[in-house]
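Novice: Chain by chain, the residues run as shown.
Protein chains: 2
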Amino acid sequence: MRILVLGGDGFCGWPAALHLSQAGHEVVIVDNLSRRRIDEELGTESLTPIRTPQERIAAWQEVTGRALGFRDLDLAQDYEGFLALLRELRPDALVHFAEQRAAPYSMKSPAHKRYTVDNNVNATHNVLAAIVESGLDVHVVHLGTMGVYGYGTAGMRIPEGYLDVKAHAEDADGTRTGELIDQTILYPSNPGSVYHMTKVLDQHLFAFYAKNDRLRITDLHQGIIWGTHTQETELDERLVNRFDYDGDYGTVLNRFLMQAAVGYPLTVHGTGGQTRAFIHIRDMVRCIRIAIDNPPAAGDRVKIFNQLTETHRVRDLAALVAEISGARVETVPNPRQESAENDLFAANETFLDLGLEPTTLSAGLLTEVEETARRWAHRADLEKIPATSLWNDRTRPGVPKSVSP
Amino acid sequence: MRILVLGGDGFCGWPAALHLSQAGHEVVIVDNLSRRRIDEELGTESLTPIRTPQERIAAWQEVTGRALGFRDLDLAQDYEGFLALLRELRPDALVHFAEQRAAPYSMKSPAHKRYTVDNNVNATHNVLAAIVESGLDVHVVHLGTMGVYGYGTAGMRIPEGYLDVKAHAEDADGTRTGELIDQTILYPSNPGSVYHMTKVLDQHLFAFYAKNDRLRITDLHQGIIWGTHTQETELDERLVNRFDYDGDYGTVLNRFLMQAAVGYPLTVHGTGGQTRAFIHIRDMVRCIRIAIDNPPAAGDRVKIFNQLTETHRVRDLAALVAEISGARVETVPNPRQESAENDLFAANETFLDLGLEPTTLSAGLLTEVEETARRWAHRADLEKIPATSLWNDRTRPGVPKSVSP
Ligand SMILES: NC(=O)c1ccc[n+]([C@@H]2O[C@H](COP(=O)([O-])OP(=O)(O)OC[C@H]3O[C@@H](n4cnc5c(N)ncnc54)[C@H](O)[C@@H]3O)[C@@H](O)[C@H]2O)c1
Ligand SMILES: NC(=O)c1ccc[n+]([C@@H]2O[C@H](COP(=O)([O-])OP(=O)(O)OC[C@H]3O[C@@H](n4cnc5c(N)ncnc54)[C@H](O)[C@@H]3O)[C@@H](O)[C@H]2O)c1
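Protein chains in written order, with the UniProt record's numbering: chain X, 1 to 405; chain U, 1 to 405.
If you're looking for bench data, these hints aren't it; they were derived computationally from the structure. Mixed in with the good hints there might be a few duds.
Identical copies look the same in the list; a pair holds intra-copy or inter-copy alike.
[Stated by the list, open to error] Within a straight-line C-alpha distance of at most 30 Å, the following computed DSSO-like cross-link-like pairs (lysine-lysine) qualify:
| no. | residue 1 | residue 2 |
| --- | --- | --- |
| 1 | K166 | K211 |
| 2 | K166 | K384 |
| 3 | K166 | K401 |
| 4 | K108 | K211 |
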């Protein structure tokens with residue numbers, strides 16, 4: 001198959017592009033390198049020394065003999081360029097990773113909120129409108145987030161995207177008639193940040209284009225990725241993947257492992273009672289492949305998979321990392337506006353039924369990630385660790401007491 | 001109160017601004033005049049000869065002695081300008097009419113789809129982000145649409161914005177525990193066009209900002225407006241309101257009345273079995289005032305009112321207009337992708353309880369609108385009447401056989 005990987009220079013997109021290429025697909029990466037510019041804006045850098053797209057792609061060709069295409073293109077701004085690319089390459093599928101993906105970054109300032117909404121909504125909408133205009137039948141695989149689900153966190157088991165609702169038919173006065181109506185609705189959302197909100201908006205864009213234009217769309221509601229290497233990125237040091245640890249882009253488990261590696265306290269926000277969904281990066285790339293191999297039919301509703309393998313409470317993760325590494329846990333204020341404690345049960349049968357064998361949390365794998373972090377520890381800037389983007393004027397920066405000036 | 005009327009040069013915004021000014025509020029209109037430019041793009045014009053904003057405002061001052069402010073500003077593009085305006089004027093409330101509001105226009109081409117999404121999402125999001133940045137406590141009254149409600153059309157009576165859902169709590173394996181969980185969710189949406197979809201996106205923006213930033217927001221899910229004059233616009237001919245009749249912006253009942261006036265067949269799309277919600281323009285301006293007088297408290301969820309007074313099947317409306325005017329009804333293909341027939345029952349108790357006395361359809365009022373249309377019939381361009389914007393390549397233009405070349 002010919003596959004476009006939108007956002008293929010990023011943390012998920014790069015290993016996914018390699019995995020699909022290795023599986024024999026013809027892969028073209030589309031990315032405007034905005035993530036690299038955001039690193040410059042924030043004065044941060046991937047802990048691992050990632051290469052330029054050109055160097056990475058040349059190394060991949062050298063090591064595997066496989067070609068990878070690359071186009072520097074802004075999906076939110078250059079609609080005509082993307083349409084021309086579709087017409088030129090006539091892909092069978094595309095994987096859409098190309099959005100601003102950090103919740104804290106999306107809350108950093110009014111300008112960051114506005115960039116996130118504008119970039120994410122227009123990138124997704126341009127992709128959909130361009131496919132319709134091209135007249136091509138391109139399967140869209142999009143990366144959503146488990147964070148769109150709202151009320152499941154109250155103790156309902158979160159299904160894969162949809163909820164069946166029964167309601168009594170009523171007449172104009174509100175009097176119940178005998179009839180009982182069955183409807184399947186998108187699972188109600190309750191996003192926790194501007195970033196998560198844009199993924200809710202994406203869902204509504206997808207629902208409309210699947211219905212009105214019969215586009216084939218798969219939306220993967222992904223948990224938090226941990227780990228950094230995949231089989232393919234390990235083939236050569238020049239293929240190394242991004243490892244974010246800063247307060248905006250670093251995600252919780254990778255941050256703990258990096259903090260352990262550099263001797264920084266493990267910073268737990270609030271009580272650490274938040275339960276989150278996780279998936280290892282090696283499983284993520286497999287899931288992408290499985291999703292591509294199992295498209296919906298034209299005219300079907302959007303196919304939604306929950307892409308996670310396990311859920312954990314944040315303070316339990318901190319305790320586990322502390323145990324294997326000897327690091328110290330420190331509670332800091334929670335910069336986010338969120339419930340202090342929540343449960344989270346989520347269905348993930350679709351991927352399991354399609355053959356995914358989950359890589360779950362184990363001391364061995366945690367140690368592997370910590371070792372990667374330790375190897376590059378000299379590149380770390382400890383000042384970038386605290387989470388300082390605030391959700392509103394009632395929340396406080398997550399700066400550890402032991403470290404603050 | 002000091003009130004900003006965003007989109008105050010438009011069909012609803014202009015009479016609402018006059019009504020609020022007449023009620024003694026200090027009103028400033030904010031509008032980028034994009035609607036007038038769209039008229040130029042489409043080669044159409046309001047049937048009634050509307051004046052420039054400057055002339056209208058001068059006339060209002062002359063006739064009533066009341067001042068109306070006006071700022072030419074693009075809410076989707078000029079965030080800093082809007083923020084500065086908020087800081088300068090420190091309004092108590094704003095009414096947000098400023099969106100691209102025609103479903104057919106939003107489906108006209110990929111460029112029109114993209115403009116509608118970009119303009120509407122960014123205008124709404126900029127308004128919300130600017131209020132948060134200003135730190136002011138501004139009550140936001142937004143015009144939504146009855147078209148966001150999806151499944152109510154299956155025979156459920158549509159409540160005002162929210163639905164109570166009960167679910168069984170489940171553990172990680174999906175086994176039900178004894179507990180029953182009550183949740184109130186946004187009423188599930190199922191929008192019928194890109195335009196309607198943007199109003200769904202707006203709803204999710206509002207829900208987030210009400211929750212995270214405690215903004216006070218009222219969302220009015222409005223039915224289709226009919227009529228053109230209000231008490232205030234009738235005070236002077238220079239205050240005349242817009243009357244759209246073209247295939248993109250003309251709304252169904254006003255179109256029938258105009259078609260009757262100019263001797264054009266009443267164009268019914270498909271079977272005419274679509275049921276729609278309606279409200280007279282005089283009731284619309286009263287509803288805006290009532291909504292402003294009854295704001296939610298900070299920290300409340302978004303207050304949603306259904307702003308309609310009656311529902312009718314399109315073919316019944318055509319028959320009624322034919323009866324009073326002697327016009328002929330003609331069935332044309334439906335350019336829209338939608339169900340041929342639907343029911344629609346909707347709650348509207350909130351406005352009734354707050355004192356709205358509905359102006360319902362009557363032969364007298366219909367005749368009044370038809371007479372307005374007849375008065376300006378010489379300004380009509382009959383070629384602009386057919387609805388030619390298609391929903392997808394499976395739908396066909398709504399051109400009457402008797403008129404097509
Ligand atoms: N990393 C996680 O733990 C995680 C969890 C759940 C969901 N996701 C989702 O997976 C996707 C990828 O996440 P990631 O961690 O790889 O993020 P990332 O920031 O590392 O990668 C995103 C890539 O998209 C590119 N991009 C952004 N906007 C673009 C535009 N307008 N045009 C072209 N390219 C653009 C960026 O330059 C970047 O290379 C995102 O949509 C994210 O929301 C990630
Ligand atoms: N007319 C109806 O029957 C109806 C029914 C339901 C809901 N509504 C809603 O009511 C609102 C007003 O509708 P209308 O019929 O008056 O439409 P309209 O097009 O006549 O008025 C909208 C006004 O907003 C302005 N505008 C648009 N984008 C702007 C931007 N980015 N910055 C500044 N100004 C901008 C336009 O110039 C125009 O004057 C809309 O939001 C519409 O969706 C209308």
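Novice: Against this structure, judge whether each hint is valid.
Specialist: Evaluated hints:
Proximity of K166 and K211 under a CA criterion of 30 Å is satisfied in both settings, with 22 Å inside one chain copy and 28 Å between copies. Neither within a single protomer nor between protomers do K166 and K384 lie at most 30 Å apart by alpha-carbon distance, with minima of 50 Å and 44 Å respectively. Taking the shortest Cα distances, K166 and K401 never come within 30 Å of each other, neither inside one copy (51 Å) nor across copies (43 Å). Taking the closest pair of Cα atoms, K108 and K211 come within 30 Å of each other only across two copies (17 Å); inside a single copy the shortest separation is 35 Å, beyond that limit.
The structure fails hints 2 and 3 (numbered hints given earlier, in ascending order).
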